[in-house]
Amino acid sequence: MCTVDTEQTDASFPALPGGIGVSRLRVYDVEDAHGEAGGTPHVHLACAEGYYVLSGSGAVQTLGVASGFATTPLRPGALVWFDPGTIHRLVDGGGLEILVIMSNSGLPEAGDAVLTLPPHLLVDRETYLEAAALTGEGEARTASAVHRRDLALEGFAALRAAYDEEGPGALEAFHRAAVRIVRPLVPHWRGTWEQGARRLADRTGAALEALSAGTAPHLRSAAVRHLPAPSEFGRHGMCGRLDTYDGVRHERPLPPAVQTREG
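In terms of the numbering used here, the sequence shown opens at residue 1003 and continues consecutively.
Hints listed in this document are in silico derivations from the structure and should not be mistaken for laboratory results.
Every residue, glycine too, gets a C-beta built ideally from N, C-alpha and C.
It is possible that some hints are incorrect.
[To be verified] Here are the in silico distance ranges between beta carbons for each label pair:
#1 Gly1079 / Glu1033: 18 to 28 Å
#2 Ala1225 / Thr1137: 36 to 46 Å
#3 Gly1079 / His1036: 40 to 50 Å
#4 Gly1207 / His1036: 46 to 56 Å
#5 Ala1160 / Thr1074: 47 to 57 Å
#6 Pro1120 / Tyr1054: 24 to 34 Å
#7 Asp1085 / Glu1234: 41 to 51 Å
#8 Asp1031 / Arg1222: 41 to 51 Å
#9 Asp1126 / Ala1160: 12 to 22 Å
#10 Gly1037 / His1220: 29 to 39 Å
#11 Ala1215 / Asp1034: 55 to 65 Å
#12 Asp1034 / Ser1057: 17 to 27 Å
#13 Gly1037 / Gly1207: 46 to 56 Å
Whole structure, please, built from the sequences with the hints as guidance.
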């Protein structure tokens, strides 16, 4: 993800519009037990997510309280987005590459994601982190990412079956578990949000106030910023291999007690 500090003027801290984060994603092409390639089903609790399809084909599978289960086809040029609370999983139909757009840059990187692991791995934060952690380095890390994905697919299949049988209430236990897992991170998230997306929104509000008064002092500090390339290529994420701009994240380091262990 590419994240920003809106108060920095140094070119190494570019302020992306709206406080968003971006990354390029190549969806995992390793097949699961059912012969379907794709990523790890998970949910964000505070951040919306969007996809602009760059190349290839595939789909995004989603499950939500109000929307139920759905499969949305993905082709070059398609634009799809969804609210926090939407469980989602990318499926690779062949060479699927996506520009991922996240709200509240810094929050997803700081742990705003919970995988749909089986219930016995969601009983508490430590158990979850142990199961969700990636091991190995380089290409050897792929096996760990695939194992984690397959565990989450077990939980996802159970949630889908329960939703079909019980309706929206079937997701309540998973939601409660997800909240328990991320709750220790919320004070840190609040600071990141206040320094990022909220501050950008406040600056827009100040600009509107100035314009309504017939002035525009913010125009004098306009600047152009440029990132020539990602700072990291091929990082193992939940849905695939990511090219990211981690070097310009604005969030503060997480306290040791609440490290996310996310790969």
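Here is what the structure says about each hint:
{"no.": "1", "hint": "Gly1079 / Glu1033: 18 to 28 Å", "verdict": "26 Å, holds"}
{"no.": "2", "hint": "Ala1225 / Thr1137: 36 to 46 Å", "verdict": "42 Å, holds"}
{"no.": "3", "hint": "Gly1079 / His1036: 40 to 50 Å", "verdict": "28 Å, violated"}
{"no.": "4", "hint": "Gly1207 / His1036: 46 to 56 Å", "verdict": "49 Å, holds"}
{"no.": "5", "hint": "Ala1160 / Thr1074: 47 to 57 Å", "verdict": "22 Å, violated"}
{"no.": "6", "hint": "Pro1120 / Tyr1054: 24 to 34 Å", "verdict": "33 Å, holds"}
{"no.": "7", "hint": "Asp1085 / Glu1234: 41 to 51 Å", "verdict": "28 Å, violated"}
{"no.": "8", "hint": "Asp1031 / Arg1222: 41 to 51 Å", "verdict": "50 Å, holds"}
{"no.": "9", "hint": "Asp1126 / Ala1160: 12 to 22 Å", "verdict": "19 Å, holds"}
{"no.": "10", "hint": "Gly1037 / His1220: 29 to 39 Å", "verdict": "55 Å, violated"}
{"no.": "11", "hint": "Ala1215 / Asp1034: 55 to 65 Å", "verdict": "59 Å, holds"}
{"no.": "12", "hint": "Asp1034 / Ser1057: 17 to 27 Å", "verdict": "22 Å, holds"}
{"no.": "13", "hint": "Gly1037 / Gly1207: 46 to 56 Å", "verdict": "51 Å, holds"}
Taken one by one, the earlier hints fail for this structure at numbers 3, 5, 7, 10, listed in ascending order.
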